[in-house]
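So the protein lines, in turn, are chains A and B. All the letters of the first sequence, read from the start, carry residue numbers 1 to 277 under the numbering used here. All the letters of the second sequence, read from the start, carry residue numbers 1001 to 1473 under the numbering used here.
Worth double-checking, as some hints may not be accurate.
As the list claims (entries may be wrong) - If you want the ones that stay clear, here's a sample from chain B, every Cβ over 10 Å from chain A, calculated:
| id | residue |
| --- | --- |
| 1 | SER1191 |
| 2 | GLY1196 |
| 3 | VAL1279 |
| 4 | GLY1287 |
| 5 | GLY1308 |
| 6 | TRP1366 |
| 7 | SER1409 |
Claimed, not checked - Not close to chain A: a few residues of chain B, all C-beta gaps over 10 Å, as computed:
| id | residue |
| --- | --- |
| 8 | ARG1006 |
| 9 | ARG1123 |
| 10 | GLY1144 |
| 11 | GLU1255 |
| 12 | ARG1268 |
| 13 | GLN1296 |
| 14 | VAL1345 |
| 15 | ARG1353 |
| 16 | ARG1379 |
| 17 | THR1384 |
| 18 | ALA1385 |
| 19 | LEU1445 |
Claimed, not checked - A short, non-exhaustive set of chain A residues, derived as facing chain B with CB atoms under 8 Å:
| id | residue |
| --- | --- |
| 20 | LEU49 |
| 21 | HIS50 |
| 22 | VAL81 |
| 23 | HIS130 |
| 24 | VAL230 |
| 25 | LEU253 |
Keep in mind the hints are simulated off the structure, nothing from the lab. Glycine is no exception: its CB is placed at the ideal position from the N, C-alpha and C atoms.
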Amino acid sequence: MAESSRRRVPRSVRIADRLAGLVLGIGGSFAPFALAAAMLWLFWQADLLHPLADWSRVGGWLRGSVSLGLVALAGASPFAVTGALLGRGSDLVRLHLRMVAAVPLAVPAFLLLHWTAPWVSQRFGLPVQHPGWACIALAVGMVPPLWLILSDALERGGGISAAAYALGATPSQVMRTLILPASAPGLVAALLRGFSRAMGETMAVLLVSGNYASAWGGAGGAATVGAALVLDLPEASPGGALWIDLMRGGLLLTVLTVSVYAVSDRVERRFRSGGQP
Amino acid sequence: MSRVGRIVLFGLLAVVAFPAALLAVRTVTLLEPRTPMLSELPGGRQILSYPLEQDAWESSSGVVRHLLSDGTVRSFPEGSIGGSRPCPEAWTARSEEGPVRIGFLHGVVVDGDTLRGDSLETRLESLRIGLREDRARLVDEVRGQAGAPGFERAMQRWNQFRRQDERTGLLLRDASDSVVFLRLSSLRQISRAPTGWIATAETWMRQILTVLSETPDSWGLGGLRQALTSTLALILLSGAIGGTLALLAALLLNERLRPGKWALVVRRSSEWLAAVPGVVWGGVGLGLLVWGAGAQLDALLGNGLRWGNGGLLWASLTLGVLAAPISLKRSMEALEEVPKQWRLVARSCGATRWQVLRMVVLPSAWRGLLGAWLSAFARAAGETAPLMLVGAVHSIGGDVLETGIRLPSLSGGFPHLGVLACDPPWSVLEAELGHPVAYLSIFVLTLLCVGFELTASTFLLENRRRLAKDVEA
């Protein structure tokens, strides 16, 4: 029976199937190649054994990226966690969030730079360009994406809380005894993911630190890896000391963000497979 | 959800939407036509001026800066100006050369003859637009005839136009009764502060349209037309590249690959792609595409430096790879909403995997896949940092008089709305002259992002709703 049905599949159908497989296989497996090409190129350019380079400069950029990421996470997570825990599963909230999360992170930075900072500096005499503004801009800007990531992580498993409500639990009881413990790993994973994203954010930092010599130290002294890459890469000559430093910064930042992301991925998979029935 | 919870939730949502709302408000207030003020100086002299916003960069308090009727900016100690009153009958003229002039309409000079009278105001605008159109047409003609036999004739017509143009202008009289002549064809805009909200709204709309549709001069001042067209081209190209790659990857992973080593590699690396920061993609694009592929292509074609510079094509490839992960994630979610049993049933009836895809999966999940495809556009619209490395430029100099919408070339540099907005000293200068290009460009960019995302999310949610209903039934 199986033999005869196989023979009845027309030749054209089989060829179409093969062709579709070929197209999907070639176009669809771009990701490993893109990732490998990017990492290999960065690694090659970073020339880790080159004596010219200045590791302390690279270290400074990385420290800037990591600390800005941490501050942004610390500022944004209370709001994002509260929002994600309260508004679980509502399509309206989700639609609204997706829209707001699509707003470029440069928008809050832009408003801070052009509106709030001048006003505050006139009233209280603070400088317009200050690392603190970048922290605030990133913290404000990270709330919607972080909230979205969190609500994606908490999306599944509405069944238990429905059961708890049916048994007469109050909302706060459900939150305290069910949702929080059950979703803690998911929260951690999502926060890590947000941290990975905040570390790589460039435009907000760049805007507030200015395109020019600034409070951060000017050319070659930008605050974060991202800002350094954008400001100095066009001027750096390939193979020179600054170039190698920038490439090392880029490579290390990428390794850092990807590994944080991978850890969060692992935590989340555990949580999905273990935590849910 | 409890009532307190609901209040807290909606409060938070409002806070989250706050920056976008603030941006909208700020853009609108900056675009609002400002009324010139007629003020008394201590010496008894009168001046016509706009009070400018305080210079944010110097935070000099106690001083009010005014844009005077002769286009210069002067600072006055606070309180030194007595008796200011709004002067709605004064006109404002913005010329191409930069300074904004304020004054009373004294007359119009047409080819040397001075006109005065009642119907001047309506004639003025049509005269100005006609002159500018003539000039653009003649410049195009001269350019087109370069080297051809008709060149002499075209140059003659151009010189004739120039002579007439030099003697056609606007006479503005300022508060101290000195009259200035402004060449009419060089004026971007002449307007009077409107009275009444209908006229205000009309002027406001006209100003938005002017800023959006004007071609900037070689300094990049004056208009967003080039930036708008090239940003749109970039979003469409990179979204299509990224979305299509992601769609193929999702179909490959979900419908085609059997679980195994390669499937795991593709899946993990697709997820990790999302974690690589945008600016790093910018650097990689610069190294691999611009200096690598571009230089190779130039060497192959042998026509000088063309593809070896940052340009639209390389930028959209870079942005495409950057935009793919989010689209991939959403495509996978959309595909997973199609029940596994449907595929099993189709396969057991003897359908090939392509037939299952074409006859079962695509008809039931096309909304979700379309939404996921569109998400790549939204993501591509929201990213600016890598563009500063792979070819964004401040303006395409030289074609000030270009008419008609022309798409930017694939190999050339392109102005981008996000990059324009991120140049603080320039944007502050523009905003003070009532020309909030930076605000408007980032606002338009935000609208584009939100628009694409809203469309994408609507499709995705609709897909989920319909599939859930189908599965129930």
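Please name the hints from earlier in the document that this structure breaks, with their numbers sorted from lowest to highest.
-> Per hint list: 3, 4, 8, 11, 12, 15, 16, 17, 18, 19, 20, 21, 22, 23 violated.
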